[in-house]
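Novice: Sequence:
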Amino acid sequence: MTDEDGAEETGSTLPRRQLGRFLREAREGAGLTLEKSATLMEWGKATLQRIEKGTTEKVRVRDVLSLCEIYGLSQSKSAIAKGLAEQAPVKSWWQTYSGSIATWFNLYVGLEAGAKDLAQFQPLIMPGLLQTAGYARAVDRLYFSDESEEELDRRAEVRAQRQNILTRSRNPTTAAFVLHESMLRTVVGDHRVMAAQYRHIADLSTHDNIDVRVMPFRAGLPLGTALPPFIILDFGRDVRGKLEEPPVVYCESYAGSVYLEVQSDVVRFRRAFKIAQGASLDPRSSRDLLREIAKGVRE
0 MTDEDGAEET GSTLPRRQLG RFLREAREGA GLTLEKSATL MEWGKATLQR IEKGTTEKVR
60 VRDVLSLCEI YGLSQSKSAI AKGLAEQAPV KSWWQTYSGS IATWFNLYVG LEAGAKDLAQ
120 FQPLIMPGLL QTAGYARAVD RLYFSDESEE ELDRRAEVRA QRQNILTRSR NPTTAAFVLH
180 ESMLRTVVGD HRVMAAQYRH IADLSTHDNI DVRVMPFRAG LPLGTALPPF IILDFGRDVR
240 GKLEEPPVVY CESYAGSVYL EVQSDVVRFR RAFKIAQGAS LDPRSSRDLL REIAKGVRE
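For the sequence shown, position 138 (counting from the first letter as 1) is numbered 137 according to numbering that gives the first Met the number 0, and the numbering increases by one without interruption.
I should point out that these hints are in silico values taken from the structure, not numbers from a laboratory.
Just to be clear, a hint being listed does not mean it is correct.
Claimed, not checked - Calculated cross-link-like contacts (lysine-lysine; reagent style DSSO-like; alpha-carbon spacing at most 30 Å):
#	residue 1	residue 2
1	Lys35	Lys81
2	Lys241	Lys294
3	Lys273	Lys35
4	Lys81	Lys52
5	Lys241	Lys273
6	Lys57	Lys81
7	Lys44	Lys76
8	Lys76	Lys57
9	Lys35	Lys76
10	Lys294	Lys115
11	Lys57	Lys115
12	Lys44	Lys81
13	Lys35	Lys52
14	Lys52	Lys241
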């Protein structure tokens with residue numbers, strides 16, 4: 000995750016890439032090849048390929064809806080594709096929860112699934128990739144208070160699928176986490192839930208691809224200001240050494256999410272993460288602290 004020069008190697012932008020990812024998955028789900036789909040659209044293969052890679056500057060909504068029809072997508076999923084096609088091609092994209100794209104379609108999840116490396120700073124709540132089922136359920140019951148038990152179960156299943164990127168046997172995602180101590184001292188659910196959560200993170204941190212560090216209270220403000228929660232996602236390089244996709248910084252708030260791709264923004268957040276890591280306990284000491292807190296909770 001050191002490509003400070005790579006944020007702008009490609010002209011594709013996030014809305015276009017997300018649309019391409021969405022359409023590619025829809026095509027594969029329909030059992031259609033790139034060639035067959037392009038033929039049905041009366042296009043050349045390269046035209047559809049550019050759309051799926053997110054490198055087409057102009058995307059016509061009617062073409063996207065035609066692809067949705069070919070792939071047999073429902074009206075709600077077609078509306079998502081339409082919403083993505085209508086997004087302006089910009090380098091920093093703000094997605095409000097009340098916007099034109101369905102709120103249940105979490106664009107971040109698609110990015111996370113495709114990432115080769117990620118770095119996350121979290122001062123407030125356990126990262127979704129590290130949450131136990133008990134912790135997640137306690138949070139969901141509060142935030143999604145109007146949802147049924149069945150809907151909460153569905154959310155739990157989605158989260159479990161997301162977490163598989165860290166523990167799968169083939170090409171697991173490399174992940175680095177900096178967790179502020181204030182998060183560890185904030186009780187969610189009850190003490191039994193928290194003890195299980197501490198042990199879970201400690202166990203995960205023994206994996207070679209997972210680096211977990213705790214920033215203690217005594218670290219103060221290493222950057223001279225409070226850091227917001229953020230995630231840096233990197234997508235690796237192809238066989239020619241070119242970036243598969245530009246790196247993205249994802250910041251979430253109560254009102255929505257911002258996705259940053261401008262090189263200066265990516266570099267700034269990389270620097271912030273490096274400083275936060277340097278102000279934190281090393282991985283071994285962090286693991287020991289987590290287990291010590293878990294033991295104290297049980298007692």
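Novice: Straight-line Cα separation of Lys44 and Lys76 no greater than 30 Å?
Specialist: Holds. Lys44 to Lys76 sits at ~24 Å (cutoff 30 Å).
Novice: Would you mind confirming whether the straight-line C-alpha gap from Lys241 to Lys273 stays at or under 30 Å?
Specialist: holds (24 Å)
Novice: Hey, Lys35 versus Lys76, does the alpha-carbon distance stay inside 30 Å?
Specialist: Between Lys35 and Lys76 the Cα gap is close to 21 Å, so the pair holds against 30 Å.
Novice: Would you mind confirming whether the straight-line C-alpha gap from Lys44 to Lys81 stays at or under 30 Å?
Specialist: Status holds; Cα separation ~22 Å.
Novice: Would the hint linking Lys35 and Lys81 be met if the CA-CA limit is 30 Å?
Specialist: holds (22 Å)
Novice: Holds or violated: Lys294 and Lys115, Cα atoms, limit 30 Å.
Specialist: violated (34 Å)
Novice: Has the given pair, Lys273 with Lys35, been kept, meaning a C-alpha gap of at most 30 Å?
Specialist: Outside the cut-off at roughly 47 Å; violated.
Novice: Taking only the CA atoms, is the gap from Lys52 to Lys241 under or equal to 30 Å?
Specialist: Judged against 30 Å, a Cα distance of about 14 Å means the pair holds.
Novice: Between Lys35 and Lys52, does the CA-CA distance stay at or below 30 Å?
Specialist: holds (17 Å)
Novice: When you check the alpha-carbon spacing of Lys76 and Lys57, does it fall within 30 Å?
Specialist: Judged against 30 Å, a Cα distance of about 21 Å means the pair holds.
Novice: Are the Cα positions of Lys57 and Lys81 separated by 30 Å at most?
Specialist: It holds: about 13 Å lies between the C-alpha atoms, which stays within 30 Å.
Novice: For Lys81 and Lys52, compute the direct alpha-carbon distance and say whether it is at most 30 Å.
Specialist: This hinted pair holds, its Cα atoms lying about 17 Å apart.
Consistency note: the structure conflicts with the earlier hints numbered 2, 3, 10.
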